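Both chains are given apart, each in its own frame, so use the hints to dock them into the complex.
Next come the chains, spelled out residue by residue.
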Amino acid sequence: MYNLPEYEPSDEVWNKINTELNNDILRKGISQLPKYEPNGRIWENIEAGLNPKIVKLKPWHWVAVAASVVLVIGLGVYLNYQKTQPTIAYSEQKMDSQLLLQPSDNSDADYETIVAFCKEQTYECENPEFKSLKIELDDLQAASTQLKEAIGEYNTEPKLMAQLAQVELQKSEILKKMTTKI
Amino acid sequence: MTDSDLINACLLNDRSAQRILYDRYKRAMYTLAYRLTSDFDDANDVLQDTFLDVFRKLETFKGESTIGAWVRVILVRKAYKRISKPKLWELPDEIPESGEIIWSNNIDGEYLEKAIYSLPEGFRMVFTLIEIEGYSHKEVANILGISEGTSKSQLFYSKKRLREILS
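The listed protein sequences derive, respectively, from chains A and B. Per the numbering used here, the first sequence starts with residue 7, numbered consecutively. Per the numbering used here, the second sequence starts with residue 1245, numbered consecutively.
So here's chain B without its partners, still in its complex pose (with noise of 0.2 angstroms):
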């Protein structure tokens, strides 16, 4: 069955379509939400409050991207809300003339993981939101309410600071 599909009998109430959709994201979304709230209880919250609103605003939904990018914006929206607007570190945006990150030529993804949650909340969100997640500067700028500046200028830092908890 196809995203489309899905979409139309979801908007009929059809409870087994709407299963299908949430197995088909659950586990991405969760993951995601995780990451964001770094707490498993926050993550449960998360992902159940934002498919009652994928069920219960489908109809919202213009198909102007995929069903699978509209729920993340849903979901990145309330883990936001969750960790009530976690606080970004006050940088200036201006990024250094030296300022690309050099990796160990091996990173192992156990540890990225520890130190991805060790970051702090402002860096850890704008790092997956970015670097896993995919999402554009502008994008990010545009779902947190900041500059893109202050999007690009948190990103930096926040490699720099795993880059120095990797070595």
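Looking at chain A on its own, in the form it has when it is part of the complex (with noise of 0.2 angstroms):
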């Protein structure tokens, strides 16, 4: 046993040693380094930087608020009436009044009254000239008949409400002639 060998230790161990241990004066003065504690403050802040942001609004804020609401809704009530309800346009015309008929127009009854006429004096309406105004006058009140029948309840045709007033003063004026012959 006493004749083992022994071995040095590289001088670089002790080095380490001697760092090491003058590290440790220097660990030590940091070890006794003192402490700072923050002021409560500070936790305050983060509290209320953490909560959510509250705007407080003045009596006058609110009733712009309202106000604004107010229109906002009746833009979009008005915007959306206008895309849903049919558009309804009119438009005038005025009409000559002379081109339309008169209440008191009975063209038609005369027209009848001529007919009925020449089924009993036939001798009347034989007249070559009588049946000439007699043919123009079926005509005319064919003419007028149809002309009814397109202008309907309503008289919405100015053009055909026109025609059907010539029709009618050309009918009276042939009815004329043709009584002045009875």
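For the record, the hints were derived by calculation from the structure and aren't laboratory data. These numbers come from a predicted model, not from an experiment.
Using 30 angstroms as the maximum straight-line C-alpha spacing, the simulated DSSO-like pairs for lysine-lysine come out as follows:
| # | chain 1 | residue 1 | chain 2 | residue 2 |
| --- | --- | --- | --- | --- |
| 1 | A | 154 | A | 137 |
| 2 | A | 22 | B | 1396 |
| 3 | A | 22 | B | 1382 |
| 4 | B | 1404 | A | 34 |
| 5 | A | 34 | B | 1358 |
| 6 | B | 1404 | B | 1322 |
| 7 | B | 1404 | B | 1382 |
| 8 | A | 154 | A | 140 |
| 9 | A | 34 | B | 1322 |
| 10 | B | 1322 | B | 1301 |
| 11 | A | 34 | B | 1382 |
| 12 | B | 1325 | B | 1358 |
| 13 | A | 41 | B | 1382 |
| 14 | B | 1270 | B | 1322 |
| 15 | A | 34 | B | 1270 |
| 16 | A | 41 | B | 1358 |
| 17 | B | 1396 | B | 1322 |
| 18 | B | 1325 | B | 1306 |
| 19 | A | 165 | A | 140 |
| 20 | B | 1301 | B | 1325 |
| 21 | A | 137 | A | 182 |
| 22 | B | 1382 | B | 1396 |
| 23 | A | 41 | B | 1404 |
| 24 | B | 1396 | A | 41 |
| 25 | B | 1358 | A | 22 |
| 26 | B | 1404 | A | 22 |
| 27 | A | 34 | B | 1396 |
| 28 | A | 41 | B | 1325 |
| 29 | B | 1306 | B | 1382 |
| 30 | A | 183 | A | 165 |
| 31 | B | 1322 | A | 41 |
| 32 | B | 1325 | B | 1404 |
| 33 | B | 1404 | B | 1358 |
| 34 | A | 41 | B | 1270 |
| 35 | B | 1301 | A | 41 |
Footprint (simulated), chain B over chain A, 3 or more residues, beta carbon under 8 angstroms:
| # | segment |
| --- | --- |
| 36 | 37-43 |
| 37 | 48-58 |
Where is the CB? At the ideal position from N, CA and C, for every residue including glycine.
Spelled out as structure tokens, the structure:
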């Protein structure tokens, strides 16, 4: 046992021990460094930063907000109404009163009278001039009937109304001529 | 309550849990903030901003380190930003071979504190992070955006300056 060899450590080992012991002096000094305590205000600020901000509105702010809401809703309703409501357009047209049928217009009745007369008084009706007027009157009566059917109840076609008035005028003139022949 | 329990409660925005977490780390973090900025007002702002970030971004904490270490990294970055990137002394990255600093037998804590605050900002920051907070040169290089060589060089010369002040 006593004859076993011994070994010499390198100088590096002591150097490292020496360095560590030396550093211990600094570490000891560092461990004595003072610690500092933050004041309570810091937490209050952190807490305030974490809370969602609540904006306090003054009374006139509420009025402004309410007015804005009403305006927005009103605009929305208006635009929606515009979108869904069918568009109604109208126009006025003035008619020549001379061309309009008069309430007292009784040319149809006069025509019926002439027809009834010709059934009984065939002599007068066989007169060629009278017959020619009668043929013309029949044509005008047929045109009048067609126009009245086309116009319908509400007289919405001014051009047809003007034509009808013209036809009725011609009928009246022919009826006058026929009356003088009877 | 463990850190893990606290984190889960804080994630639910439990204010009392957030307060406990703050109380648990406030002293160490405030002290570090003051060491890095050497100004109590700046330290207050840094601490406040740090914990606001901690609570707002807690869901990004992946648990790869302790929560304390995570908070500390946030604080160091905020302090570094606060003192608007301290000018690091342009020093050679190579450290002299006879580079060991021999300290006197006893260093008084209060005296050391004053000596640390008399260091230039760059020296103070590297010395604080490595010798006081226990960061590695690699970590400091990563946080401050410098090379490891620069970090080692800054530390050596900051200690040399401290030794001169303390002697």
